[in-house]
Amino acid sequence: MIRVAIADDHMVVRQGLKQILSEAEGFDVVGEATNGAETMKLVREQKIDVLILDMSMPGRSGIELIVQIKSELPRLPVLVLSMHAEEQYAVRAIKAGAAGYLTKDSIAGELCSAVRKVAKDGLYITPAVADRLALEVGETRSPKPHQLLSDREYEIFELLVDGKSVSDIAAQLCINSKTVSTYKARILQKMQLTSTAALVHYAIEHGISSPR
Amino acid sequence: MSTADDKKSDKLRLRAEDLIQHTLSEDSRDDRFLSPEESKKTLQELRVHQIELEMQNEALRQAQAELEASRDRYVDLYDFAPVGYLTLNANGMIKELNLTAAALLGMERKALLLRRFTAQIIAEDQSRWLTLFLTVMEQDSKGSIEVSMQRGDGTVFPALLDCQRTRVMRSGIPGDGAGDTALLVALTDISERKQSETLLRQHERDIQSILNNMPSMIGYWDKNLRNRFGNHAYHTWFGIDEREMVGKHIREIIGEERYRLNLPYIEAALRGEQQVFERDIPAPNGVGIRCSLANYIPDCHEGEVRGFYVLVSDVTPLKQAQAELEKLRDHLDQLVSARTAELAQTKATLQISELSQDAIFAASPDAMLISDEQGMITMANQQVERLLGYAADELVGQSIEILVPGPFRRGHPELRDKFAASPVGRRMRRGLAVKALRKDGSECDVEVSLSRIDSGNGFSFVSVLHDITERRQAESLLADYTERLQELSSHLQTVREEERTHVARELHDELGQLLTALKMDVSLLQAVTPSRDGAAERLASMTRLTDEALGTIHRIVADLRPLMLDDLGLRAAVESLAEEFRKRYSSITCNLVFDLGGYKIEGEPATAAYRIVQECLTNVVRHAEASKVHIVVALQDRRRLFISVQDNGCGLQEPRTRTAGFGVLGMRERANALGGSLTIESMPGEGASVDVTIPLPDIDLGSATQ
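Protein chains in written order, with the numbering used here: chain A, 1 to 212; chain B, 1 to 706.
Because the hints were derived from the structure by calculation, they are not lab data. Each hint should be verified, as a subset may be incorrect.
What the hints assert, rightly or not - Under the rule of at most 27 Å between Cα atoms (straight-line distance), these lysine-lysine pairs were calculated in the DSSO-like manner:
#1 B:Lys142 x B:Lys223
#2 A:Lys178 x B:Lys327
#3 B:Lys248 x A:Lys144
Said to hold, decoys possible - Label pairs and their in silico Cβ distance ranges:
#4 A:Asp121 x B:Asp637: 28 to 38 Å
#5 A:Tyr154 x B:Glu537: 20 to 30 Å
#6 A:Met11 x B:Asn591: 36 to 46 Å
#7 A:Leu133 x B:Ala535: 39 to 49 Å
#8 B:Asp417 x A:Ser195: 34 to 44 Å
#9 A:Met11 x B:Ala527: 49 to 59 Å
#10 A:Ser195 x B:Ser399: 45 to 55 Å
No experiment lies behind these values; they were computed from the predicted model shown. Note that CB positions come from ideal geometry on N, CA and C, so glycine has one too.
Generate coordinates for the entire structure from the input sequences, incorporating the hints supplied.
Set out below in structure tokens:
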């Protein structure tokens with residue numbers, strides 16, 4: 001038997017969930033909460049195997065609530081239910097410590113398997129969310145200033161660093177030299193630098209050398 | 001000599017006694033009968049005669065002595081005369097010559113005697129001499145000739161020979177009865193005369209040459225008005241040969257008409273009065289007229305007028321020059337009078353301008369001050385009183401610094417000097433809004449226009465003080481209104497955002513949850529309901545409708561308010577935007593760089609950032625025809641949120657859209673409401689970029705979560 005607690009401020013949703021779980025085998029809904037405070041009380045007092053947590057509730061809710069629950073009960077699997085289909089929610093929730101993320105419109109088909117999966121110390125995530133998670137791991141550190149540049153800006157940045165003049169670059173890229181000047185100003189602004197010399201210095205410091 | 005005289009006297013005595021006896025015998029024949037008285041008387045007479053005779057004799061003797069003395073003198077005179085004398089006989093032989101002649105010929109007298117005189121004349125002149133000699137000897141009694149004579153030593157000298165025929169007695173005493181014909185020749189050395197004659201001729205030639213080369217006509221007319229001389233110019237003018245002219249009457253030369261005209265001057269000149277007059281004379285050859293200045297100068301000698309000189313100068317060039325000068329002077333006169341008129345007009349204008357300047361100065365609605373280089377006020381108009389509280393007279397003589405409020409006063413003279421030194425570029429500094437210190441110590445807002453006037457002896461400075469208190473008030477009022485409007489706008493924005501959030505929440509959380517519950521119920525029903533009478537289809541349809549309803553709510557909610565912004569923060573919300581964009585527009589590469597360095601940005605800046613990115617993406621889709629869009633949301637300097645959306649599309653074609661696009665206006669409004677700025681750069685063909693900077697004054701470093 002998997003002891004399940006449900007935290008959702010909507011009674012109809014709670015009842016629906018209970019209905020689904022009761023019709024399936026092996027689930028015991030041991031508690032309900034309708035807001036953040038009740039949820040915290042519930043998890044502290046009840047022996048729970050899986051917490052089904054609505055993303056949006058009155059009071060403390062969502063990511064914050066997940067973080068708090070996980071800080072107190074790090075081993076409690078939290079399955080997040082959400083009206084939000086966007087993967088951002090899933091990713092944030094999982095990064096905050098949730099074990100799984102379900103959108104409410106997929107509850108009917110997936111709830112039971114999801115609860116079972118997270119109850120066994122597993123993660124319940126869709127492949128799309130998994131991809132995103134993998135991507136975000138690489139993005140944890142702040143991008144360097146030159147990473148703010150658009151492709152075209154980066155191209156011109158490299159040429160400037162290479163010692164090309166504005167008119168050289170204009171000729172090479174077949175664009176107006178005024179346009180090059182505008183790009184240069186934008187590059188300097190994005191990188192928070194004030195001169196071509198500073199750009200060159202930056203390039204050397206960060207090992208950016210022109211391929212040409 | 002006395003012995004010779006005695007002998008002569010003796011002879012004379014004898015002859016006298018002979019004569020007496022002869023006379024007596026003849027008388028006795030007539031007077032034989034003499035009375036004693038008569039005898040006595042006769043005797044007496046005889047004695048008287050005798051005495052007389054003796055006396056005569058004595059006189060005679062004396063005369064003879066004198067004669068002899070004079071003859072000696074004559075010989076001396078002859079020999080030592082300054083002129084050489086020679087006597088030639090009919091054959092031309094030298095019969096006699098004095099010492100002077102011998103000296104002139106450079107020979108002894110003896111050697112010359114009885115020589116042919118002709119031999120002493122050089123060969124070339126001999127025939128001339130002989131001709132004269134014969135002529136004088138045979139026909140004329142006198143004649144003279146110049147010949148060159150040869151001295152004993154062979155040298156030659158010019159000599160003048162004056163010849164006179166005479167008869168010489170054989171005794172050698174000239175003029176004594178019938179003797180031989182002889183020629184007396186006076187020989188004079190004329191070397192010196194010749195020399196001076198040569199010089200004189202040279203001199204004359206020189207003068208002639210000078211006269212002939214004079215451009216002026218020079219002539220001389222004697223008192224009978226006969227020409228005596230005319231120079232080359234004179235002849236040329238009248239076209240007369242030099243030789244023809246001399247001796248001609250003036251009337252013949254100058255013509256009847258001109259003669260009549262000139263007669264008064266001629267007569268006056270002949271009276272000894274110098275005449276000067278001008279004449280326009282047609283040239284005798286008919287070509288042109290020339291203006292002549294004639295000078296008649298009388299030739300007076302010992303009070304008598306012998307003639308007059310004529311000096312005629314061609315003054316045509318002079319006249320022409322004079323005429324030119326005259327013209328020039330007239331022109332100058334005209335110029336001067338024109339300038340004078342101009343000057344007068346200028347003066348009048350100036351006067352008017354000065355008057356109007358005074359009037360402007362007085363009537364100007366602005367306070368005006370004139371100060372000198374030391375900053376001393378030299379003039380002020382009445383308006384200063386209203387503006388500054390000082391009477392105009394009070395200010396004159398004061399330093400302009402008394403009008404400068406305390407904090408600025410110290411630096412003011414330096415600013416003044418700077419302006420005085422280089423008014424270039426700021427001759428007129430309009431719109432220099434400053435505070436002026438009033439007499440009562442209060443300050444007022446003025447706009448100062450400065451200008452420098454070069455008054456010739458230094459600079460003056462005109463300051464026009466325009467009272468901008470009202471304008472300042474209006475400006476601050478306007479700024480106030482603008483600020484309140486902005487606040488209102490911002491408030492409205494916030495309210496709207498709040499409203500939308502509320503509605504979105506209601507829709508999403510309430511209606512959405514209900515629909516979710518409905519869907520769950522339907523799915524439960526599907527599990528238990530047997531498939532008959534189309535119940536399964538109905539249930540499937542219900543599920544689909546519920547999904548559609550949820551989808552609609554989602555869309556509406558997403559449009560109303562990005563709930564994710566509140567739930568997950570800016571990063572998730574922006575990432576979601578990008579993701580959504582990628583999903584919908586797969587042909588456009590969307591690149592997002594998000595870097596807040598771990599800081600959490602919430603509230604209005606977050607909303608603004610989100611909405612701006614959202615709006616930009618909408619624009620890119622609508623207008624840009626881009627293939628790439630690059631989004632940057634970054635924290636700069638830890639106190640500015642920098643948002644940039646750049647596309648590689650066609651750029652903004654119309655400048656109007658830079659500011660006027662409604663979406664752009666909204667973005668700008670949001671940025672401005674937060675004290676930020678928005679710039680749009682468009683590079684045709686290279687796309688457009690929207691850059692927004694929003695200051696973040698209250699970054700909570702502690703609340704950094706991600």
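Cross-check of the supplied hints:
1. B:Lys142 x B:Lys223: violated, 35 Å
2. A:Lys178 x B:Lys327: Measuring from Cα to Cα gives roughly 68 Å; hence the hint is violated.
3. B:Lys248 x A:Lys144: violated, 130 Å
4. A:Asp121 x B:Asp637: 28 to 38 Å: violated, 45 Å
5. A:Tyr154 x B:Glu537: 20 to 30 Å: violated, 57 Å
6. A:Met11 x B:Asn591: 36 to 46 Å: The hinted range 36 to 46 Å holds for Met11 of chain A and Asn591 of chain B, with Cβ atoms some 45 Å apart.
7. A:Leu133 x B:Ala535: 39 to 49 Å: holds, 42 Å
8. B:Asp417 x A:Ser195: 34 to 44 Å: At roughly 37 Å between Cβ atoms, Ser195 of chain A and Asp417 of chain B fall inside 34 to 44 Å, so the hint holds.
9. A:Met11 x B:Ala527: 49 to 59 Å: Since Met11 of chain A and Ala527 of chain B have Cβ atoms about 21 Å apart, the given range 49 to 59 Å is violated.
10. A:Ser195 x B:Ser399: 45 to 55 Å: Because 47 Å falls inside the window, the suggested range holds.
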